[in-house]
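Residue numbers (my numbering), protein chains in the order written: chain A, 111 to 415; chain R, 10 to 290; chain V, 1113 to 1419; chain S, 190 to 451; chain F, 190 to 451.
Because the hints were derived from the structure by calculation, they are not lab data.
All C-beta atoms, glycine included, are put in the ideal place defined by N, C-alpha and C.
Hints may be right or wrong, so weigh each one.
Claimed, not checked - Derived DSSO-like pairs (lysine-lysine); straight-line CA-CA distance at most 27 Å: (1) R/217 / A/302; (2) S/312 / R/202; (3) R/279 / S/290; (4) S/325 / R/279; (5) S/290 / R/202; (6) A/343 / R/217; (7) A/302 / R/279; (8) F/290 / A/409; (9) F/325 / A/328.
Stated by the list, open to error - Looking from chain R toward chain V, a few residues come up when the C-beta cut is under 10 Å (computed): (10) 33; (11) 145; (12) 231; (13) 237; (14) 245.
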Amino acid sequence: MKQIIAVLTVIAAIVVVWYAACIPMNIKGVLTEQERAGAEVLPPSAKDRRDMGEIGLTLNNSFAIPATWEQDRPRLPAPHQVAIEMWETTIQKKITSKRSLIYHGWVTLSATMLGFAIGTGLGILLAVGIVHSRVMDLSVMPWAIVSQTIPIIALAPMIIVVLFSVGVQGIIPKAIISAYLSFFPVVVGMVKGLRSPDAMQLDLLRTYSASRAQGFWKLRLPASMPYLFASLKIGVAASLVGAIVGELPTGAVAGLGARLLAGSYYGQTVQIWSALFAAAVLAACLVGLLGLIERTVLKRMGMAQ
Amino acid sequence: MIPIFGAIGVWLLGWWLNSRLASGPYADTRMVRFLAPLIFGLTVIVIWELVVRGLEVSMVILPAPSVIWDRFWDSLPTLWADFVQTIIKGALSGYIIGCISALLMAIAVDRWDFLRLGLLPVGNFVAALPIVGTAPILVMWFGFDWHSKAAVVVVMVFFPMLVNTVAGLREATAMQRDLMETYAATYWQSFLKLRLPAAMPFIFNGLKISTTLALIGAIVAEFFGSPTLGMGFRISTSVGQLSLDMVWAEIVVAALAGTAFYGLVAMIEKAVTFWHPSQRS
Amino acid sequence: DEVTLQLKWVTQAQFAGYYVAKDKGFYEEEGLDVTILPGGPDIAPTQVIAGGGADVTVEWMPAALAAREKGLPLVNIAQPFKSSGMMLTCWKDAGIAAPDDLKNRTLGVWFFGNEFPFMSWMSQLGINTDGKSESGVEVLKQGFNVDPLLQRQADCISTMTYNEYWQVIDAGVTPEELVTFKYEDQGVATLEDGLYVLEENLSDAAFTDKMERFVRASMKGWKYAEEHPDEAAEIVLENDATGAQTEEHQKRMMGEIAKLTAGSNGALDPADFNRTVETLLAGGSDPVITKQPDGAWTHQITDAALN
Amino acid sequence: MTTGDPVIEAKHLDLTFQTNDGPIHALKDVNLSISKGEFVSFIGPSGCGKTTFLRCIAALETPTGGTLSVNGMTPDEARRNRAYGYVFQAAGLYPWRTISKNIKLPLEIMGFSAAEQEERVNKVLELVDLTGFEGKFPWQLSGGMQQRASIARALAFDADILLMDEPFGALDEIVRDHLNEQLLALWARTEKTIGFVTHSIPEAVYLSTKIVVMSPRPGRITDVIDSPLPKERPLDIRDSTEFIEVAHRVREGLRAGHGDDV
Amino acid sequence: MTTGDPVIEAKHLDLTFQTNDGPIHALKDVNLSISKGEFVSFIGPSGCGKTTFLRCIAALETPTGGTLSVNGMTPDEARRNRAYGYVFQAAGLYPWRTISKNIKLPLEIMGFSAAEQEERVNKVLELVDLTGFEGKFPWQLSGGMQQRASIARALAFDADILLMDEPFGALDEIVRDHLNEQLLALWARTEKTIGFVTHSIPEAVYLSTKIVVMSPRPGRITDVIDSPLPKERPLDIRDSTEFIEVAHRVREGLRAGHGDDV
Ligand SMILES: Nc1ncnc2c1ncn2[C@@H]1O[C@H](COP(=O)(O)OP(=O)(O)OP(=O)(O)O)[C@@H](O)[C@H]1O
Ligand SMILES: Nc1ncnc2c1ncn2[C@@H]1O[C@H](COP(=O)(O)OP(=O)(O)OP(=O)(O)O)[C@@H](O)[C@H]1O
Ligand SMILES: [Mg+2]
Ligand SMILES: [Mg+2]
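Sequences are here, hints too, so could you generate the full structure?
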């Protein structure tokens, strides 16, 4: 309860700051528009205004403040503009419509899920290899870290082209980029998790002279579950970013990334912001869903009180 | 076909070498920890070379490592200028501003429980915003030069840093806090003498995560507008000119810089948190 | 027969001819099943075709010639665009009236293979591009939109007559506030949207046959689009998967595009080619191409297709 | 045995924790008076409220009923006056500080001068027999040495009352014996009032002038045993009949309050 | 007391750990013979090699010198033959398994049939007095109950030897007394050979037929004390003179080997 109040307060504060920030951010554009519409603006020349501070302009032309929240192509759209855009593009559009955010969200989501599945699978396999083979631990793990310093967006177009050349198109290239981003947290978390049983627990199995496979299935794997879920939550958010990145170079075809790009391309800031929020909402939902699964699984395993 | 068999052979050789190293008597020495990944990397590079040459993969799809190597040495001045623009000016300044402001915010969040309850969930939500989306907005706001890149980096590193620091500041055990209580210590005394040092491992964890994020952020942001230099600029224009060797040379720079940056922070971490069990073993 | 066409940019009226041909069944009449792949900001069509991801691609000639020098033998088989739509759009109040006024200014330029005409022009004007000075300009890598101009981060930006210029206008700027320099007028026009294939494929009879039918149907599409701009714009809108394009913008774009395709029957005019090559060769210290390309175009397809 | 005015006095002390599983009655009607210079041990099964009672004295927990006074003040005032040193079960030294810096911690907080800090550190290090280890980090010391350092830390600012919550619980018997001996010596020298929680019957009997036996659910005092042992106590005293008698009485008291719910 | 052939026999056993700070001589020239049915306690200060010796018997550690035989085999063969059950200091139950599933763990690994598993679980649960708790998860049980479950786990596959490394170290004295009683009863019933590490002198004396006193740096055996106590031992026996005598002897032995380096 206390938490809800706190969150609401913080959100309210952010909204207030946001509205306030709209004024200096948009004032120049608004004044130009007002001037064209015939209003008296101080100073009258656009060139003078360019060199003036935003605050000074606002003070000079306080009549223009409401207009900073209603611009068509603002530098910073006001919260209600974003909210209205989101409302119109989700609830009021058919979900099959190309103008529906839900449609684009779905396109991104499907690539995210596929990439997440691939990335998680690979990540777990790699982690199992690293934990069980010293050779892999020594030689592969450092490169897994280095791989994260490569800017994926630089590789994304090339991945897409290379896959094109072997005839793979559509969702797969996006999924692969999204897998690239999600595999690392999973590897790190899973390696940690598979190594989490302490020496005593491992020794216990030795006293039973258990095989390696038995050790894996009966001890390491169950013990790694909390770590797995923690990294899955990071991984799924990264997956989504990957899917969006993958949508950029393929151009404005479909998906939230395409929506962002198109918004940016046509200077539709409101559209960018609403796509951004849609992405964040999607990420929050995915993480929340995983949290729910985590709780049920761990509860059934008896690991959550 | 011969290069392909060669590639398979090289792979087996590299793996065999590493297996020997890993099961050998020096498996735990620093030497092997350094050598093994090196051998693995070299193996991959040789195989790459052989496959590209063997299958005659087009230069404009995937250049061979030797070509990239040549391009790297030929273009050092360009690469250096790009490095300065993107890493030093963009990434580094953003990293510093972002980390420091996150640290200050974390202190505020830690001081007022209300903020922790309210701000952290919102922060997690904002952190989920895909950076690629914020980049064009920030370029619009902060201009084409490195300032907007730094702004993107600030946004990227802020929340991981905040979340880690806040977690770290809560790391001191109940017993350690009670101890401070028995001394009737003030908030700031217990902050400086207990909570901040206890949080260091977490803070450094955040700092390490942020190194790679900073690099990626600065490069990505250049895709959305830049002056005519910078690593992101070079990568995107070089793809357009089909100078794939240049693209890979920049990727090499990014990987080198990222690894060095990460290594540097890890080294400082070792010096500062020498007392932590994870650093002692 | 299946044909994959890689576009240079996102789905818009710039490519109306191909969409019309597909939608109106012109391709089908020729027995072709055409897949149109939209491009994007980081997709190099030349790279796609090199990787075998497409049979034919829409590309600008400077980029194609540059790729050719890089060892990717692209050949122009048709040229639906007669004139260039690229221009530099500047604020008049910044005090720019003639090309010479560009000195000491900040200019937004597209890169990714589209910077070549600009570089040639600057070197012809004797302006260096290393930064602001009495004899130089500061060049910005412009993003995908016209913000740099609107936000006054640049004095001039690159625009296309059919697209970005109108975005500036749509943002509330009046044409009187702007000064434009068309590359066409400055004598540095280079050929834009042409159709390119890999040279090696041209010796394959089955392939050339397919291309002949493709070019024939495409040109039919273009001419139809020129005559029915509104319908063409509608077709483009239907094919736009993002849902971001507006009808008004596409109709206007179609009108402008029609001006550029007018006068081309699809066959490349060697004079245009030579002018393009000369412009590019004159690219100053860092020319786009260094030697006269040969075999970079052919009438083989258009001759067969259009007769 | 030095006895004097009651330094700690609890009357009808009550404490109920509100938890998600309902309230827990951790202390019920606790009455106890501790005089100056006494060594009082608290013993009882897990969960009987030993720690809770000690924490109430230290003002780390607020009773929900009854009165509690420390040096005639409320516990919180006493805390602000730095009336007591508290030693926890684990040494709880800060790993990033050397032993001497750890001992200086309360002195820094209380604003002692650097010279005074130095002097006091040396004094208490000697008291707990750790001279020569001031530059070491905690993890470089054995468990017993760490625990001695933590006692030194509690002694450094020279409070009259020393509260110790199972300070030797994690140590082995031999080390424990040794520290018990030293603690007794220290107590004899300094005349502090000591409250000491333990699980070990021999330890309680060996150390205390008064043994408080507690019982859980709800936490309460079931027996208070005054020890007839002399102040001078060699380790051998543990094999004496008096000792065994007291120990027996404590064990009986414990068993009575315990039931069979192991 | 049932004695028989030596089940465990160590001759000149030596073990040196190579560490970064140089070698640690954890066991030096250890000679010991344990007969069938004996209850042997190992006692000694921290670091004297008690755990290491037990681990050698269990083939969790490989001696660097001397010979060690278990049931006439090498320790590793004995391990493969599942000759012993091992109980660690902490219960170490898997939190994701219920009590009965935890006890089944070794049975699953050793490939017992489901019916047999069920039967054995019921038997050992009864033995350790935990019937009715099979469906609970470990954290729903008290520490003492968890430790009993971990003993049940070690008993489930009915090995002849039971090795226990400070199994009750983390429990409070009362619970410990209770478990000691139960362990003795169990031992009497099953005639197992038990090796038992402890820090507590009373515990060692109360339980054992033989007490092995060890001393550190290098780890070695300094004394082996045979207990004259009868097999039948009520808890009260601890107040008897015989008991106190043995305890005294153990304490002397310990002190001798200990020095002053706490
Ligand atoms: N902060 C708390 N919140 C809720 N319940 C608590 C809290 N602290 C202690 N308790 C409960 O109060 C009771 C007494 O706890 P206390 O720690 O005083 O016992 P103790 O005698 O010190 O036991 P132990 O020997 O295990 O240390 C226990 O039932 C415990 O669970
Ligand atoms: N794996 C190991 N590597 C290096 N040294 C070790 C290892 N295990 C034990 N030692 C060292 O060997 C010596 C004996 O250790 P051991 O654990 O057997 O002592 P112990 O008698 O069980 O002590 P405690 O009562 O603290 O459990 C110690 O000095 C310890 O530090
Ligand atoms: Mg307690
Ligand atoms: Mg041990």
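Verification of the supplied hints:
1. R/217 / A/302: Given pair residue 217 of chain R, residue 302 of chain A holds - Cα atoms ~17 Å apart, limit 27 Å.
2. S/312 / R/202: Given pair residue 312 of chain S, residue 202 of chain R holds - Cα atoms ~23 Å apart, limit 27 Å.
3. R/279 / S/290: holds, 21 Å
4. S/325 / R/279: holds, 18 Å
5. S/290 / R/202: OK: residue 290 of chain S and residue 202 of chain R at ~11 Å, within 27 Å.
6. A/343 / R/217: holds, 19 Å
7. A/302 / R/279: At roughly 20 Å apart (the allowed maximum being 27 Å), residue 279 of chain R and residue 302 of chain A satisfy the hint.
8. F/290 / A/409: Distance ~16 Å between residue 290 of chain F and residue 409 of chain A Cα, so the pair holds.
9. F/325 / A/328: Between residue 325 of chain F and residue 328 of chain A the Cα gap is close to 19 Å, so the pair holds against 27 Å.
10. 33: Violated - the Cβ of residue 33 of chain R stays beyond 10 Å from chain V, reaching only about 43 Å at its closest.
11. 145: holds, 6 Å
12. 231: Residue 231 of chain R check passes; min Cβ-Cβ to chain V is 8 Å, inside 10 Å.
13. 237: holds, 5 Å
14. 245: For residue 245 of chain R, the interface hint holds, since the closest Cβ of chain V sits about 6 Å away, which is under 10 Å.
Hint violations for this structure: number 10 only, all remaining hints satisfied.
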